[in-house]
Amino acid sequence: MVKPVNIVDIATIIRSKNAKPFLFTMDIFFDNLGHYEKAVNSGVINKKLIAKMYHLEDENKAEIYNFAQAWAIKITIPRAVASGGIGDTDIYGAQQHAPLYSIKIPI
Amino acid sequence: MDEIRILTPNGSIGSGFSEELFEEGMKRNPHAIAVDAGSTDPGPYFLGKGRSISNKMMIKRDLEILLLARDKNNIPLLVGSACGPGTKSTLEWTINIVKEIAKEENLHFKLATITGDIDKEFLKNAVKQGKVRTFESDKALTVEEVDRATNIVAQMGVEPFMEALKSKPDVIIAGRAYDPAMMAALPIMNGFDEALAEHMGKILECGSMAAEPSSGFEPILGTIRKGYFLVEPMNPKSKCTPKSVADHSLYEECNPIKAGLPGGTLDLSQTVFEQTGRMTKVSGTKFVKDTYTVKVEGAAKVGYRTVFIAGVRDPIMISQIDYLIDGVTENTKAFFHDVAEDFQILLHVYGKNGVLGKVEYIKDAKIFELGLIGEVVAKTQELASTICGYLSHLSMHFDYPGCKATAGNLAMLYSPENIDAGEVFEFNIYHLLEVDSPTALFPISFEEI
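Protein sequences, first through last, are from chains C and Y. Quick note on numbering: the first sequence equals residues 1 to 107 in the numbering used here. Quick note on numbering: the second sequence equals residues 108 to 556 in the numbering used here.
Calculated directly from the structure, the hints in this document are not laboratory data. There may be inaccurate statements among the hints.
Straight-line C-alpha distance at most 27 Å; calculated DSSO-like pairs for lysine-lysine [stated by the list, open to error]: (1) K61/C / K47/C; (2) K47/C / K246/Y; (3) K48/C / K195/Y; (4) K365/Y / K388/Y; (5) K365/Y / K48/C; (6) K195/Y / K104/C; (7) K195/Y / K217/Y; (8) K61/C / K246/Y.
DEER-style ranges, computed between Cβ atoms [what the hints assert, rightly or not]: (9) K3/C / V446/Y: 35 to 41 Å; (10) N203/Y / A80/C: 38 to 44 Å; (11) N46/C / D397/Y: 27 to 33 Å; (12) H444/Y / S102/C: 28 to 34 Å; (13) M1/C / R135/Y: 50 to 56 Å; (14) A94/C / I474/Y: 29 to 35 Å; (15) Y101/C / K206/Y: 49 to 55 Å; (16) S102/C / Q236/Y: 37 to 43 Å; (17) A447/Y / I14/C: 40 to 46 Å.
All C-beta atoms in this analysis are idealised placements derived from N, C-alpha and C, irrespective of residue type, glycine included.
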């Protein structure tokens, strides 16, 4: 039976960082190929979800990449404020992944 | 030559590395030591100010080990983005440290210096000629923005390093450079595949980050041969696995499969990672050539900052924190209305949404303590200091509905409570510049030390 599983239970790494000063990039590494494929095929992690989660005006500003060699999904979004600009609260972008913890994947 | 071995001590000089593990690397007889020394990661201040990210003692410690090792084995040392933003000022600062070490250790070598500062008039002309492309910042570059920047650099690719290497220098210290360029230059010069050399550089430039366990503070060795390269961490307890190396492809990159670099795109879609002992063998990476562009970075001054740091423990005030923030902000703006255009107020509430702001998704958590950081950015330090002083005093005594603690709202952390934090910069140039020659913007000079 398929049931929703907290992403944190099937991911080994969930992290964020600047991809240079104007972008945040977030990586979710799964614990095995099967869970990676289930996550990708479920379509749960999509542009609409990311746009809602990160308050993006245009969902096409969110880029999502599946990288099978690393069993990983990468999400890249524009920063609201460039790194270190007035009002930026995360210079390295190292804590922007937290909302991803709320994702559930049907397994 | 069947293979070229490149040793990288760590992810960035100035962050330290194990001398013992570096010695292990030197025992492999590398053909060159190559290392990165800078980044935009710590924000725009360093580029704007033209100041090193690391402290002198740390840079000197790392450089001394590298200069002595290079001297002993008589191999070149390549350092890029020295040290921090890679501006002329930080490059000169680094070279002074190099000379200081040479004097103390009685070392003699041929030094090549490559600068990467961009002339404003040159860049303005390029803007007018439509040679500057907008990419990640979403904002087209204007001549006004060029004028606003205090420092402008461009990331050099492998070509200036290759050009310098032709004159057989012992040490190359370069300004702002594309991180893998220092590692890729010698292999490409010796006829090895450009795509593999660049990809190897991308892995080496972070030290042993691509190993398991991962560490940017430990040395890594790259060996390039015909058709593939090998990466091996110098810590005997670590290994590079196909998974750890593939994982690293994602690090700080917006796209794990296609990475833009000076002169084209590195395509990892056909890359194969295989285990060989403690090493990982990498093959199949492709380089798709395109119009040659270099990334131009600039930072402009936006003012001066003063902050105060306080805690809030009173449960009634915690429940009224939004009321207090709106109230003190409005009141302060009204009091300083005659200089309204010259300052901004920001109040950060840690424990509520200090990190994520409007993106914060947890709204119903039980809060018993908050951290409050008041921030004023103004045209002058004196103005920032004055307004922040008013703001912190007002926040301390501001009345809110239901207030019972009439003697003060905040647990101030420091005396003085208002801390002048100095100049504030922003990245205002982050664009791609089309160039006719990959070397023309990066003059090389030589000196016998």
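The hints, checked one at a time:
1. K61/C / K47/C: 8 Å, holds
2. K47/C / K246/Y: The given pair, whose Cα atoms are some 23 Å apart, holds under the 27 Å limit.
3. K48/C / K195/Y: 45 Å, violated
4. K365/Y / K388/Y: Answer holds: K365/Y to K388/Y is near 20 Å, not above 27 Å.
5. K365/Y / K48/C: 23 Å, holds
6. K195/Y / K104/C: 50 Å, violated
7. K195/Y / K217/Y: Roughly 20 Å separates the two Cα atoms, so the pair holds.
8. K61/C / K246/Y: OK: K61/C and K246/Y at ~14 Å, within 27 Å.
9. K3/C / V446/Y: 35 to 41 Å: 60 Å, violated
10. N203/Y / A80/C: 38 to 44 Å: Since N203/Y and A80/C have Cβ atoms about 40 Å apart, the given range 38 to 44 Å holds.
11. N46/C / D397/Y: 27 to 33 Å: Taking Cβ atoms as reference, N46/C and D397/Y lie about 30 Å apart, which means the hint holds.
12. H444/Y / S102/C: 28 to 34 Å: About 42 Å separates the Cβ atoms of H444/Y and S102/C, which means 28 to 34 Å is violated.
13. M1/C / R135/Y: 50 to 56 Å: Cβ of M1/C to Cβ of R135/Y: about 54 Å, so the range 50 to 56 Å holds.
14. A94/C / I474/Y: 29 to 35 Å: At 23 Å between Cβs, range violated.
15. Y101/C / K206/Y: 49 to 55 Å: 51 Å, holds
16. S102/C / Q236/Y: 37 to 43 Å: 48 Å, violated
17. A447/Y / I14/C: 40 to 46 Å: Given a distance of about 43 Å, which is inside 40 to 46 Å, the answer is holds.
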